[in-house]
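Read top to bottom, the protein sequences are chains A and B. The opening residue of the first sequence carries number 13 in this note's numbering; numbering runs sequentially from there. The opening residue of the second sequence carries number 13 in this note's numbering; numbering runs sequentially from there.
Certain hints may be false.
Just so you know, same-sequence chains aren't split out, so a pair can sit in one copy or run between any two.
[Claimed, not checked] Keeping only pairs whose Cα atoms sit at most 16 Å apart, straight-line, the calculated EDC-like set for lysine to aspartate or glutamate is:
#1 K62 <-> D140
#2 K52 <-> D126
#3 K26 <-> E51
#4 K62 <-> D43
#5 K132 <-> D188
#6 K137 <-> D188
#7 K90 <-> D158
Hints were generated in silico from the structure; no laboratory data involved. No experiment lies behind these values; they were computed from the predicted model shown.
2 protein chains.
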Amino acid sequence: MGKGKVTRDMILGKAAALFNSRGYFGASMSDVMNATGLEKGGIYNHFPSKDQLALEAFDFAVQTSSAEVTRHLNMQEKAIDKLMAFIDAFTSVAADPPIPGGCPLLNSAVESDDGHPEMKLRVMKAMDVVLHSVENLVKKGIHEGDIQQTTDAQLIARTFIATLEGGIMLTRLYSDLAYMDSVTSSLRHQINAIRTSK
Amino acid sequence: MGKGKVTRDMILGKAAALFNSRGYFGASMSDVMNATGLEKGGIYNHFPSKDQLALEAFDFAVQTSSAEVTRHLNMQEKAIDKLMAFIDAFTSVAADPPIPGGCPLLNSAVESDDGHPEMKLRVMKAMDVVLHSVENLVKKGIHEGDIQQTTDAQLIARTFIATLEGGIMLTRLYSDLAYMDSVTSSLRHQINAIRTSK
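Using the sequences provided together with the hints, build the complete structure.
Now the structure itself:
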């Protein structure tokens, strides 16, 4: 990896942590300069604007968090067990965020929903990926005979993600994992309720 | 109501909408001046700092949103029906926010969780009120014989609020009420699952 790429990735990592913790408006280019130890020119050499840096930092944060989810999912074979692993992955993100500041999807969704159209579009696309992966796991679980045929996969996926993101919000607000534990215990119960009785 | 109080309330209403939509860092005092039509001195005459204005604007936003929830709850007599009305109230906040920008609890929780201790404390207190009111409704529902005795009221309350706030996040991200509809349909199902079979 060339020196330019190393510097670029270092800037992305530091910027992702700053924007995810303080938000796009809460973190300034001076903060990015302080965190990276680079002059403004050294940053603009790699990213033409704060906007562009924020968009790429968001992608970096999502990729890093997704890798944590994938790691949990890969430990399981069956779709219904992967659904349970999905809950573990979000609990792990709540307990020890791969990118400081919590879940980049939640943070950027809430910050961008009023009038940051380019970021909002990027969050929508990333959220689509997460929602569809849960929906597909539910469908696969039905196909594998572990989940009841009548289950509405889309409804389960939306509820699943809403509840997990809301759980992360509560756990971060109170700095107390007990909130995430309550929420995930509820979700596990909900998954058990759609199991076929074999 | 004196002229001073009228001006003060007008500033609070405009500031609440700005901060709730764009966030504390996303909205500047110049934005507040533009929205209110007042000079900087006219605003600082009522609020000593942007910080103080943001804290009081948050309280104003929470009171306004709570009034909408209370209005829905007052339409019902029994605790279990009030739980269902709580869902309607959040759906109404998602569809037509009393304060532009969505739910002030969600927005301020996500923005303040990293390093705005005074705001975070205020959000925690406001969230406590909401969580306890749901928990008390579940306990009252048990007492009234409509909810199963073994129900964990605290767990239900945390799941309820996490899911509703996550649903508002999704619905605002996609500008599509279908997400809130999925989530609330799931919650209604969950409440029916803890009903006593009378």
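Tested hints:
Proximity of K62 and D140 under a CA criterion of 16 Å is satisfied in neither setting, with 25 Å inside one chain copy and 37 Å between copies. In the homo-oligomer, the alpha carbons of K52 and D126 never lie at most 16 Å apart, since the shortest distance is 29 Å inside one protomer and 25 Å across protomers. Only within a single protomer do K26 and E51 lie at most 16 Å apart by alpha-carbon distance; the minimum there is 14 Å, versus 38 Å between protomers. For the homomeric pair K62 and D43, the shortest alpha-carbon distance inside one copy (11 Å) is at most 16 Å, but the shortest distance between copies (21 Å) is not.
When the C-alpha separation of K132 and D188 is checked against a cutoff of 16 Å, the pair qualifies only between copies, where the shortest distance is 14 Å, while the shortest distance within a copy is 29 Å. When the C-alpha separation of K137 and D188 is checked against a cutoff of 16 Å, the pair qualifies only between copies, where the shortest distance is 15 Å, while the shortest distance within a copy is 30 Å. In this assembly of identical chains, the alpha carbons of K90 and D158 lie at most 16 Å apart only when taken from the same copy (9 Å versus 38 Å across copies).
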